[in-house]
Amino acid sequence: MERNQLPLISPLGRAMITLTNHLGGLFIFLVKSFLMIFQPRQFPLIIEQVYFIGARSSMIVVLVGLFTGMVLGLQLFHTLVKFGSAGVLGSAVALSLVRELGPVLTAIMVTARAGSAMAAEIGSQRISEQIDALVTMRIDPLRYLVSPRIAASMISFPLLTALFDIIGIIGGYITGVVLLGVNSGAYFYRVRSSVEMEDITGGFVKAVVFAVIVSTVCCFQGYFTHMQKNSYGAKAVGLSTTTAVVLSCVLILVGDYVVTSLLM
Amino acid sequence: MKKPLIEFKGVMKRFNNHTVLDRVDLEIYEGEVATIIGKSGSGKSVLLKHMVGLLQPDEGSILFGDQPIHQMGKKEWSRYISQVSYMFQNNALFDSMTVLENIALPLRQATNLDRKAIEERVRMRLEQMELDEVEMKYPSELSGGMQKRVALSRALVTDPKIVLFDEPTTGQDMIRRNAILSMIAEYQRRFGFTAILVSHDLPDVFFISSRILALSEGKIIFQGTPEAFEEFQHPFQDEFVESLEEFQEHLTGIYSKRHFKVRYQNILSRKRPQESFVVGLFTLENFEGLCEYLGHTTGQKVLEALGKYINKHFGAVGGFSARQSRSQFSVVLPFSDLPEAEQILRDFSMDLQEEGLRIIQTEARIHREVCFEFAILAGLAESEFGAKEIDCIIDLAVKNQRVVARVQCGERR
Numbered sequence: 001m002e003r004n005q006l007p008l009i010s011p012l013g014r015a016m017i018t019l020t021n022h023l024g025g026l027f028i029f030l031v032k033s034f035l036m037i038f039q040p041r042q043f044p045l046i047i048e049q050v051y052f053i054g055a056r057s058s059m060i061v062v063l064v065g066l067f068t069g070m071v072l073g074l075q076l077f078h079t080l081v082k083f084g085s086a087g088v089l090g091s092a093v094a095l096s097l098v099r100e101l102g103p104v105l106t107a108i109m110v111t112a113r114a115g116s117a118m119a120a121e122i123g124s125q126r127i128s129e130q131i132d133a134l135v136t137m138r139i140d141p142l143r144y145l146v147s148p149r150i151a152a153s154m155i156s157f158p159l160l161t162a163l164f165d166i167i168g169i170i171g172g173y174i175t176g177v178v179l180l181g182v183n184s185g186a187y188f189y190r191v192r193s194s195v196e197m198e199d200i201t202g203g204f205v206k207a208v209v210f211a212v213i214v215s216t217v218c219c220f221q222g223y224f225t226h227m228q229k230n231s232y233g234a235k236a237v238g239l240s241t242t243t244a245v246v247l248s249c250v251l252i253l254v255g256d257y258v259v260t261s262l263l264m
Numbered sequence: 001m002k003k004p005l006i007e008f009k010g011v012m013k014r015f016n017n018h019t020v021l022d023r024v025d026l027e028i029y030e031g032e033v034a035t036i037i038g039k040s041g042s043g044k045s046v047l048l049k050h051m052v053g054l055l056q057p058d059e060g061s062i063l064f065g066d067q068p069i070h071q072m073g074k075k076e077w078s079r080y081i082s083q084v085s086y087m088f089q090n091n092a093l094f095d096s097m098t099v100l101e102n103i104a105l106p107l108r109q110a111t112n113l114d115r116k117a118i119e120e121r122v123r124m125r126l127e128q129m130e131l132d133e134v135e136m137k138y139p140s141e142l143s144g145g146m147q148k149r150v151a152l153s154r155a156l157v158t159d160p161k162i163v164l165f166d167e168p169t170t171g172q173d174m175i176r177r178n179a180i181l182s183m184i185a186e187y188q189r190r191f192g193f194t195a196i197l198v199s200h201d202l203p204d205v206f207f208i209s210s211r212i213l214a215l216s217e218g219k220i221i222f223q224g225t226p227e228a229f230e231e232f233q234h235p236f237q238d239e240f241v242e243s244l245e246e247f248q249e250h251l252t253g254i255y256s257k258r259h260f261k262v263r264y265q266n267i268l269s270r271k272r273p274q275e276s277f278v279v280g281l282f283t284l285e286n287f288e289g290l291c292e293y294l295g296h297t298t299g300q301k302v303l304e305a306l307g308k309y310i311n312k313h314f315g316a317v318g319g320f321s322a323r324q325s326r327s328q329f330s331v332v333l334p335f336s337d338l339p340e341a342e343q344i345l346r347d348f349s350m351d352l353q354e355e356g357l358r359i360i361q362t363e364a365r366i367h368r369e370v371c372f373e374f375a376i377l378a379g380l381a382e383s384e385f386g387a388k389e390i391d392c393i394i395d396l397a398v399k400n401q402r403v404v405a406r407v408q409c410g411e412r413r
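Protein sequence lines, in the order shown, are assigned to chains H and B. Heads up: the first sequence begins at 1 in the numbering used here, then just goes up one per residue. Heads up: the second sequence begins at 1 in the numbering used here, then just goes up one per residue.
There could be a bad hint or two in this list.
To be verified - On the chain B side, residues computed to face chain H include the following (Cβ under 8 Å):
1. L54
2. S82
3. S85
4. F88
5. A92
6. L105
7. P106
8. Q109
9. L113
I should point out that these hints are in silico values taken from the structure, not numbers from a laboratory. In this text, a Cβ means the ideal position worked out from N, Cα and C, and glycines have one as well.
Make a model of the complete structure from these sequences and hints.
If you want it as structure tokens, here you go:
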């Protein structure tokens with residue numbers, strides 16, 4: 001009887017062991033890298049990464065934020081008109097953006113732009129032995145390559161989220177006020193009166209959580225490119241990058257649910 | 001008894017079920033150039049990576065002095081690894097950094113030196129390696145040979161005591177291969193570090209090595225001098241060394257030492273006892289200075305041209321030649337006695353003065369305006385068939401050496 005059940009149970013058991021190993025590895029990777037943020041010589045490396053992850057992602061965040069706000073303004077206006085509440089458009093746009101769309105869409109956009117680059121860059125450094133070279137030069141690769149990226153993500157994600165929120169609200173204003181004729185004063189009054197400090201803090205908490213998720217997952221995937229099963233060299237880098245982006249996006253949405261339920 | 005600097009004691013390493021290192025015992029001594037040779041995939045790089053902690057042994061220990069390196073505390077490990085540099089097979093340069101940034105990286109990130117001191121040390125290395133003109137270029141903009149020089153500069157910028165070279169000449173042509181080996185030999189002499197090489201370049205690498213370590217089927221089957229390795233009787237010699245050692249030496253196109261000896265035995269076996277023959281030895285004097293002044297590539301080209309010239313000249317009178325060491329060539333004149341050989345040498349000396357040096361300068365692409373100096377020494381020794389070993393006759397020829405041609409400031413004298 002037991003023997004018959006083994007073929008079903010053993011693959012499940014193996015999968016669970018692999019998952020636990022991965023999660024454990026990811027957690028240790030995060031803790032070790034996080035602690036190294038505070039070591040000497042890190043400041044210039046962090047600034048360099050803030051420029052790459054933050055400043056160079058701002059244009060894409062502005063574009064996506066603007067059109068997200070505009071679409072939101074358009075959809076919500078037509079829905080609210082049916083209930084005779086077009087005046088609360090400002091509240092609806094601002095709350096949707098600040099609480100949910102801002103942090104989530106910013107994180108997904110930065111994952112696509114900077115997260116994929118992190119995985120690909122670290123992955124190619126792994127396969128070309130540059131990471132081994134760092135070890136032989138007495139430079140801890142986690143300190144030099146990973147911890148500045150985690151720190152820079154934690155700085156950049158909230159700032160980009162704030163930018164996304166502001167541009168999104170302006171996008172909603174363009175559709176609602178300029179194109180569809182909602183009162184300008186009413187729009188901004190609703191924005192001011194409905195958005196509370198808790199909403200903004202909650203959005204920032206999410207942004208920081210997503211920053212940790214994205215940077216850790218992407219760096220982890222790149223760092224262990226050489227351990228990819230059945231693929232080597234450039235193919236392994238490609239696979240690591242794809243896995244990093246997909247996994248980050250999934251974990252952003254899972255994390256969003258968890259953080260939202262904790263904040264509610 | 002001399003104490004080893006690094007010692008492997010029964011080191012075993014397996015990957016899955018494949019044993020790569022099988023109870024390896026070896027010793028590396030301070031100040032030597034130790035070369036590890038072996039077939040592809042025999043675990044040479046694995047062995048090297050154990051010395052810098054990139055791999056851990058499954059069994060056995062690696063001692064630095066008396067201390068097992070894999071049991072060192074954080075401080076001891078840091079002290080040990082700060083004395084070791086590793087030059088990777090594919091250079092492992094950071095593509096997004098300039099040459100200057102690549103060389104400065106270990107100093108900026110792993111030492112407490114101030115900015116000025118770092119810049120001074122990096123500039124000094126750039127000048128020594130003739131890289132000052134490309135300091136702002138990226139590795140992808142450089143030739144393979146230059147990338148090797150950048151990797152070597154980065155390996156040496158921390159003034160290490162031990163430098164590990166993982167196949168430093170891979171993918172280079174014969175001139176560059178010899179130039180890189182010559183460069184390693186020069187810097188090893190100049191800075192006094194212990195060099196551990198993994199190389200396939202037989203027999204070229206023998207000229208710079210003080211010890212050879214042969215790795216076969218996971219075990220060290222030979223440790224000793226290159227001369228002792230020549231005499232080493234083992235199937236490894238037939239399977240591996242002879243397959244790599246071509247009939248002709250790569251750089252000069254003349255016989256390799258091994259085939260020179262075979263030809264020597266063949267020709268002299270046809271001669272009667274008491275029949276005499278002459279051995280000549282030619283040395284390119286101040287070869288190191290020449291390399292330092294004109295660059296290692298030009299130095300190798302001079303050597304190549306000289307080897308070809310000697311072979312051509314003495315080949316015409318029935319002689320055959322071989323490269324004896326880094327800057328020495330031996331010639332056997334099997335059909336000449338000493339007076340005749342002396343006359344041939346005088347003719348050679350005159351030809352060399354009149355046209356040979358010009359040919360060498362042209363082939364090595366040395367401009368006439370360039371001021372440099374080198375001399376060619378030659379010595380002869382006569383022997384009878386079966387009287388002495390070839391190495392003893394060569395030693396006699398060395399003692400009889402005198403200057404047969406000299407170049408001073410581009411002028412032939």
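Hints and how they fare:
A hinted interface residue such as L54 (chain B) counts as satisfied when its beta carbon comes closer than 8 Å to some beta carbon of chain H; here the least separation is about 5 Å, so the hint holds. For S82 (chain B), the suggested interface contact is upheld, since its CB lies about 6 Å from the closest CB of chain H, less than 8 Å. Interface hint at S85 (chain B): satisfied, since its Cβ lies 7 Å from the closest Cβ of chain H, which is below the 8 Å cut-off. Among the interface hints, the one on F88 (chain B) holds; its C-beta lies about 5 Å from the nearest C-beta in chain H, closer than the 8 Å criterion.
Given hint, A92 (chain B) at the interface with chain H, holds; its Cβ is 4 Å from that chain's nearest Cβ, closer than 8 Å. For L105 (chain B), the suggested interface contact is upheld, since its CB lies about 7 Å from the closest CB of chain H, less than 8 Å. Nearest Cβ of chain H to the Cβ of P106 (chain B): about 4 Å, under the 8 Å cut. The hint holds. At its closest, the beta carbon of Q109 (chain B) sits 5 Å from a beta carbon of chain H; the interface hint therefore holds under the 8 Å criterion.
With its C-beta approaching chain H no nearer than about 12 Å, L113 (chain B) sits outside the 8 Å limit, and its interface hint is violated.
This entry does not satisfy hint 9, going by the numbered hints stated previously; all others are met.
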